[in-house]
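All chains should be built: construct the whole structure from the sequences, respecting the hints.
Number of protein chains: 2
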Amino acid sequence: MSVPPVCEAFVLHFGEMGSRWGINRTVGQIYAVLFIAERPLCADDIVERLGISRSNVSMGLKELQSWNLLRQRSISGDRREFFHTPDDIYAIVRTLVDERKKREIDPTLSVLRELLMRSPESESERHAQERMREMHDLIELLTSWYADVQKLETERLIQLLSLGSRIVKVLDMKDRLFALPGGKRSANPDKGN
Amino acid sequence: MSVPPVCEAFVLHFGEMGSRWGINRTVGQIYAVLFIAERPLCADDIVERLGISRSNVSMGLKELQSWNLLRQRSISGDRREFFHTPDDIYAIVRTLVDERKKREIDPTLSVLRELLMRSPESESERHAQERMREMHDLIELLTSWYADVQKLETERLIQLLSLGSRIVKVLDMKDRLFALPGGKRSANPDKGN
DNA sequence: CTGTAATTTCAGAAATATCTGAAAATCCAG
DNA sequence: CTGGATTTTCAGATATTTCTGAAATTACAG
Numbered sequence: 001m002s003v004p005p006v007c008e009a010f011v012l013h014f015g016e017m018g019s020r021w022g023i024n025r026t027v028g029q030i031y032a033v034l035f036i037a038e039r040p041l042c043a044d045d046i047v048e049r050l051g052i053s054r055s056n057v058s059m060g061l062k063e064l065q066s067w068n069l070l071r072q073r074s075i076s077g078d079r080r081e082f083f084h085t086p087d088d089i090y091a092i093v094r095t096l097v098d099e100r101k102k103r104e105i106d107p108t109l110s111v112l113r114e115l116l117m118r119s120p121e122s123e124s125e126r127h128a129q130e131r132m133r134e135m136h137d138l139i140e141l142l143t144s145w146y147a148d149v150q151k152l153e154t155e156r157l158i159q160l161l162s163l164g165s166r167i168v169k170v171l172d173m174k175d176r177l178f179a180l181p182g183g184k185r186s187a188n189p190d191k192g193n
Numbered sequence: 001m002s003v004p005p006v007c008e009a010f011v012l013h014f015g016e017m018g019s020r021w022g023i024n025r026t027v028g029q030i031y032a033v034l035f036i037a038e039r040p041l042c043a044d045d046i047v048e049r050l051g052i053s054r055s056n057v058s059m060g061l062k063e064l065q066s067w068n069l070l071r072q073r074s075i076s077g078d079r080r081e082f083f084h085t086p087d088d089i090y091a092i093v094r095t096l097v098d099e100r101k102k103r104e105i106d107p108t109l110s111v112l113r114e115l116l117m118r119s120p121e122s123e124s125e126r127h128a129q130e131r132m133r134e135m136h137d138l139i140e141l142l143t144s145w146y147a148d149v150q151k152l153e154t155e156r157l158i159q160l161l162s163l164g165s166r167i168v169k170v171l172d173m174k175d176r177l178f179a180l181p182g183g184k185r186s187a188n189p190d191k192g193n
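Those protein sequences? They're chains A and B, same order as listed. The numbering used here puts the first residue of the first sequence at 1, with every later residue one more than the last. The numbering used here puts the first residue of the second sequence at 1, with every later residue one more than the last.
Simulated from the structure, these hints should not be mistaken for lab results. Everything numeric in this text was worked out from a predicted model, so none of it was measured. Hints may contain errors.
No copy labels: a pair is met if it fits in one copy or bridges any two.
[As the list claims (entries may be wrong)] Lysine to aspartate or glutamate pairs mimicking DMTMM-like chemistry, simulated, CA-CA at most 20 Å apart:
hint: 1; residue 1: Lys102; residue 2: Asp87
hint: 2; residue 1: Lys151; residue 2: Glu16
hint: 3; residue 1: Lys102; residue 2: Glu125
hint: 4; residue 1: Lys101; residue 2: Asp137
hint: 5; residue 1: Lys102; residue 2: Asp137
hint: 6; residue 1: Lys169; residue 2: Asp44
hint: 7; residue 1: Lys101; residue 2: Asp148
hint: 8; residue 1: Lys169; residue 2: Glu134
hint: 9; residue 1: Lys101; residue 2: Glu16
hint: 10; residue 1: Lys62; residue 2: Glu125
hint: 11; residue 1: Lys62; residue 2: Asp175
hint: 12; residue 1: Lys151; residue 2: Asp172
hint: 13; residue 1: Lys174; residue 2: Glu155
hint: 14; residue 1: Lys151; residue 2: Asp45
hint: 15; residue 1: Lys174; residue 2: Glu8
hint: 16; residue 1: Lys169; residue 2: Glu153
hint: 17; residue 1: Lys102; residue 2: Glu16
hint: 18; residue 1: Lys101; residue 2: Glu63
Below you can see the structure in the form of structure tokens.
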């Protein structure tokens with residue numbers, strides 16, 4: 001690998017991480033190289049930096065494009081394509097989550113819904129469906145939270161994340177302020193925390 | 001596979017999903033079988049249900065135990081071990097995230113920190129470090145948010161997630177209420193959302 | 001068009017990961 | 001202890017994934 005030591009360590013680590021998350025090691029390395037590059041790179045730049053075959057790079061780039069993770073730029077008078085990652089790292093993470101959701105979470109939800117529609121033929125199936133229902137509801141809760149938060153501008157998102165669980169105090173405050181005399185209070189009145 | 005059709009579909013789907021997330025297909029299937037089982041199962045029950053070898057089950061269970069995802073129960077007068085998943089699916093997800101963080105996110109953060117300590121030997125290394133810094137800060141923001149939210153009781157967590165981005169309105173309200181006369185307002189005054 | 005540079009495709013090679021059966025180790029009742 | 005039941009280990013077999021080089025395709029300047 002012909003990159004400076006710091007870059008090499010980064011690239012190797014992300015190749016490793018990629019492979020633990022179901023992304024082929026080389027594809028992870030290609031993305032890492034593009035992520036830290038100073039300028040857009042063409043396929044042969046990547047071949048040179050990673051020391052892998054041209055065809056492997058071609059396939060890796062195609063894979064990354066199918067995940068919407070790359071931008072390309074043409075240089076006039078140069079027939080080659082140059083690739084780079086989005087400048088905004090938040091945009092990268094949003095895309096990654098969106099794609100993963102589209103490919104894995106959404107299909108899982110539909111499988112679960114389909115299985116929950118069927119009438120159980122036995123006690124064990126009935127129980128299995130109960131568990132699937134719990135899983136379905138949890139996934140739905142998480143994805144609808146995500147769909148909602150996904151819409152926020154990055155600045156707002158950071159504000160929200162920075163607050164962490166202190167947000168709960170703000171919530172309590174709101175509840176207290178808006179508790180109508182005789183109105184219904186939260187199902188979970190202050191436990192001290 | 002000797003399980004009712006609904007269960008089989010579930011198990012196959014989760015084997016598939018597991019393998020897309022860097023978990024071996026069989027390990028995913030073993031967990032799926034345990035997750036929907038009516039009672040704790042011993043290794044041979046799993047062999048029977050999945051139609052795989054005894055040694056494969058043994059290795060799969062060991063793997064799942066190393067992730068803290070299993071509970072075991074002994075039945076008196078029976079030498080075999082019986083395995084089951086936690087009843088509380090939120091507990092399962094919390095464990096999964098914790099372990100994944102411990103194994104992948106934490107090591108990544110230390111690699112990034114170590115690389116950011118080094119003095120750059122070239123402009124390209126300097127730029128690479130800038131990108132690594134962005135990544136480091138984002139991962140840190142996300143993990144500290146998670147560490148914080150992780151502490152909430154499940155009921156509170158659900159309340160928070162259900163609120164989704166409506167939480168931002170509550171935040172704005174808080175800001176408005178506490179805006180001291182002449183005090184500093186939010187850096188991002190209401191854009192109408 | 002034509003010729004050359006660039007990219008993609010894909011069959012088979014190489015590398016990894018997974019799975020199995022047999023043997024070894026462990027466990028515990030008697 | 002002993003012996004059978006159970007679990008674990010691990011070398012090699014099998015299956016899967018990844019990678020490569022060669023050939024095919026595409027793109028476009030002249």
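A quick look at each hint next to the structure:
Proximity of lysine 102 to aspartate 87 under the C-alpha cut-off of 20 Å is found in neither arrangement, the shortest distances being 23 Å within a copy and 28 Å between copies. Taking the shortest alpha-carbon separations for lysine 151 and glutamate 16, neither the intra-copy value of 31 Å nor the inter-copy value of 30 Å comes in at or below 20 Å. Taking the shortest alpha-carbon separations for lysine 102 and glutamate 125, neither the intra-copy value of 28 Å nor the inter-copy value of 35 Å comes in at or below 20 Å. Taking the shortest Cα distances, lysine 101 and aspartate 137 sit within 20 Å of each other inside one copy (16 Å), while across copies they are farther apart (24 Å).
Within a single copy, lysine 102 and aspartate 137 get their C-alpha atoms as close as 18 Å, which meets the 20 Å cut-off; across copies the closest is 26 Å, which misses it. Taking CA atoms no more than 20 Å apart as the test, lysine 169 paired with aspartate 44 passes in neither setting, with 54 Å inside one copy and 50 Å between copies. In this assembly of identical chains, the alpha carbons of lysine 101 and aspartate 148 lie at most 20 Å apart only when taken from the same copy (14 Å versus 24 Å across copies). Proximity of lysine 169 to glutamate 134 under the C-alpha cut-off of 20 Å is found in neither arrangement, the shortest distances being 28 Å within a copy and 30 Å between copies.
In this homomeric assembly, lysine 101 and glutamate 16 come within 20 Å of each other (Cα to Cα) only across copies, at 15 Å, whereas the closest approach inside a single copy is 22 Å. In this homomeric assembly, lysine 62 and glutamate 125 never come within 20 Å of each other (Cα to Cα): the closest approach is 42 Å inside a single copy and 27 Å across copies. Taking the shortest Cα distances, lysine 62 and aspartate 175 never come within 20 Å of each other, neither inside one copy (51 Å) nor across copies (47 Å). In this homomeric assembly, lysine 151 and aspartate 172 come within 20 Å of each other (Cα to Cα) only across copies, at 17 Å, whereas the closest approach inside a single copy is 25 Å.
Taking the closest pair of Cα atoms, lysine 174 and glutamate 155 come within 20 Å of each other only across two copies (18 Å); inside a single copy the shortest separation is 23 Å, beyond that limit. In this assembly of identical chains, the alpha carbons of lysine 151 and aspartate 45 never lie at most 20 Å apart, being 36 Å within a copy and 46 Å across copies at closest. Proximity of lysine 174 to glutamate 8 under the C-alpha cut-off of 20 Å is found in neither arrangement, the shortest distances being 50 Å within a copy and 47 Å between copies. Taking the closest pair of Cα atoms, lysine 169 and glutamate 153 come within 20 Å of each other only across two copies (14 Å); inside a single copy the shortest separation is 23 Å, beyond that limit.
For a Cα distance limit of 20 Å, the shortest separation of lysine 102 from glutamate 16 across copies, 15 Å, qualifies, whereas the shortest one inside one copy, 24 Å, does not. Taking identical chains as interchangeable, the C-alpha atoms of lysine 101 and glutamate 63 lie at most 20 Å apart only when both belong to the same chain, with a minimum of 17 Å there against 26 Å between chains.
Figure legend: structure checked against the earlier numbered hints; hints not met, in rising order: 1, 2, 3, 6, 8, 10, 11, 14 and 15.
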